[in-house]
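K.L.:
For reference, the chains in residue letters:
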Amino acid sequence: MTKQDIIKPENLVYQKPKLLNDTPMHYCPGCSHGVVHKLIAEVIEEMGMEEKTIGVSPVGCGVFAYKYIDIDWEEAAHGRAPALATAIKRLWPNRLVFTYQGDGDLACIGTGETIHALNRGENITIIFINNAIYGMTGGQMAPTTLLGMKTATCPYGRDPQLHGYPLKMTELAAQLEGTCFVTRQSVHSVSAIKKAKKAIRKAFENSMAGKGSNLIEIVSTCNSGWKQSPEKANKWMEENMFPFYPIGDLKDI
Amino acid sequence: MAKFKGATVVDTERCKGCNLCVVACPLDVLALTTKSVNQKGYPFAQQVLEDTCNGCASCATVCPDGCITVYRTKEE
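Just so you know, the protein sequences line up as chains A and B, in that order. Heads up: the first sequence begins at -18 in this note's numbering, then just goes up one per residue. Heads up: the second sequence begins at 262 in this note's numbering, then just goes up one per residue.
There may be inaccurate statements among the hints.
[What the hints assert, rightly or not] Cut-off 30 Å, straight-line C-alpha distance, at most; resulting in silico cross-link-like pairs (BS3-like, lysine-lysine):
no.	chain 1	residue 1	chain 2	residue 2
1	B	K296	A	K216
2	B	K264	A	K175
3	B	K264	A	K208
4	B	K335	A	K176
5	A	K(-16)	B	K335
6	A	K48	B	K264
7	A	K(-16)	B	K264
[Said to hold, decoys possible] Here are a few chain B residues that face chain A, going by a calculated C-beta distance under 8 Å:
no.	residue
8	K266
9	A268
10	K277
11	G278
12	V284
13	L288
14	D289
15	G302
16	Y303
17	G316
18	A321
19	G327
20	T330
21	Y332
[Unchecked claim] Far from chain B by the CB rule (all over 10 Å, computed), these chain A residues:
no.	residue
22	K(-11)
23	L(-7)
24	I35
25	K48
26	R71
Worth flagging that the hints you see were computed from the coordinates, not collected in a lab. All figures in this text were calculated on a predicted structure; none of them were measured in a lab. Note that beta-carbon positions come from the ideal geometry of N, C-alpha and C, so glycine has one too.
Chain A on its own, in the form it takes in the complex (with noise of 0.2 Å):
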């Protein structure tokens, strides 16, 4: 059996999901994003709610989100996502509504914001991707960095007595009353992205039901930023990032 013998519509396995467009992602070569926008855009295709979605993206890498998933998008000022999203969710109800947001976004200058809007219980899901440093405006420290981790902007590690402590938003989202489905997973090997998948969808089936606000921090790798390779950018996570932010749910209501 050749090759060319296999290869036939009927005996299709996976593909690249019909939302996620042809335009090429901008993003560095194996970093976690595509992972992210692939899943969310299978987990749409799944639901049926291509025509019902609308997604706020953020000001970082992922802000041209709206550029490779094709449902409708809104472009939110820095940290300004979950605002946005509460606004769109109570002015229609019957839609999905998600946002898109790296740690810069969301754990810094959107911080009030996301803590409001998951406490007020909007029903909206937070996608959160959280590599441990602003990937976009060239790998300078964030407030989720690790303790000795060295970036741009604190070249010797970073030390808790000048910079302070890495801030764990999941595990404060989660004594929010307002959340139901706190979660943080992780996309580095197949096991990981189906579990994530698992968690997307869950969200986004909370979020319809009414049940309360999610979130879903997806601990990534920023291999440009962390000067690795994809590969050994997987590693360096599952080594010094998982101890830190270990995976799991968090509250599940």
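Fit chain B to the given chain A structure using the hints.
P.N.:
Below, chain B alone, put in the same frame as chain A:
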């Protein structure tokens, strides 16, 4: 026992040569090109072992750019 035969098709112009699919493949079916690059200048992934692939789609699942399409059939 029926054996699965798979085939992968890589969108070579979309591929950025991140190597994650090569690492994810349990059967070492894929490899990056060493002598050719695509229009953007990236080495790209290609299927180097024709008969070994069983169509598990691990490569396509981890691909951040969705470049890989996987087909699978049962061998008679």
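K.L.:
Each hint should be assessed against the structure and marked as holding or not.
P.N.:
Verification of the supplied hints:
no.: 1; hint: B:K296 with A:K216; result: holds (27 Å)
no.: 2; hint: B:K264 with A:K175; result: holds (24 Å)
no.: 3; hint: B:K264 with A:K208; result: violated (42 Å)
no.: 4; hint: B:K335 with A:K176; result: holds (27 Å)
no.: 5; hint: A:K(-16) with B:K335; result: holds (13 Å)
no.: 6; hint: A:K48 with B:K264; result: violated (41 Å)
no.: 7; hint: A:K(-16) with B:K264; result: holds (15 Å)
no.: 8; hint: K266; result: holds (6 Å)
no.: 9; hint: A268; result: holds (4 Å)
no.: 10; hint: K277; result: holds (4 Å)
no.: 11; hint: G278; result: holds (6 Å)
no.: 12; hint: V284; result: holds (5 Å)
no.: 13; hint: L288; result: violated (13 Å)
no.: 14; hint: D289; result: violated (14 Å)
no.: 15; hint: G302; result: violated (11 Å)
no.: 16; hint: Y303; result: holds (7 Å)
no.: 17; hint: G316; result: holds (5 Å)
no.: 18; hint: A321; result: holds (4 Å)
no.: 19; hint: G327; result: holds (3 Å)
no.: 20; hint: T330; result: holds (4 Å)
no.: 21; hint: Y332; result: holds (4 Å)
no.: 22; hint: K(-11); result: violated (7 Å)
no.: 23; hint: L(-7); result: violated (6 Å)
no.: 24; hint: I35; result: holds (22 Å)
no.: 25; hint: K48; result: holds (13 Å)
no.: 26; hint: R71; result: holds (33 Å)
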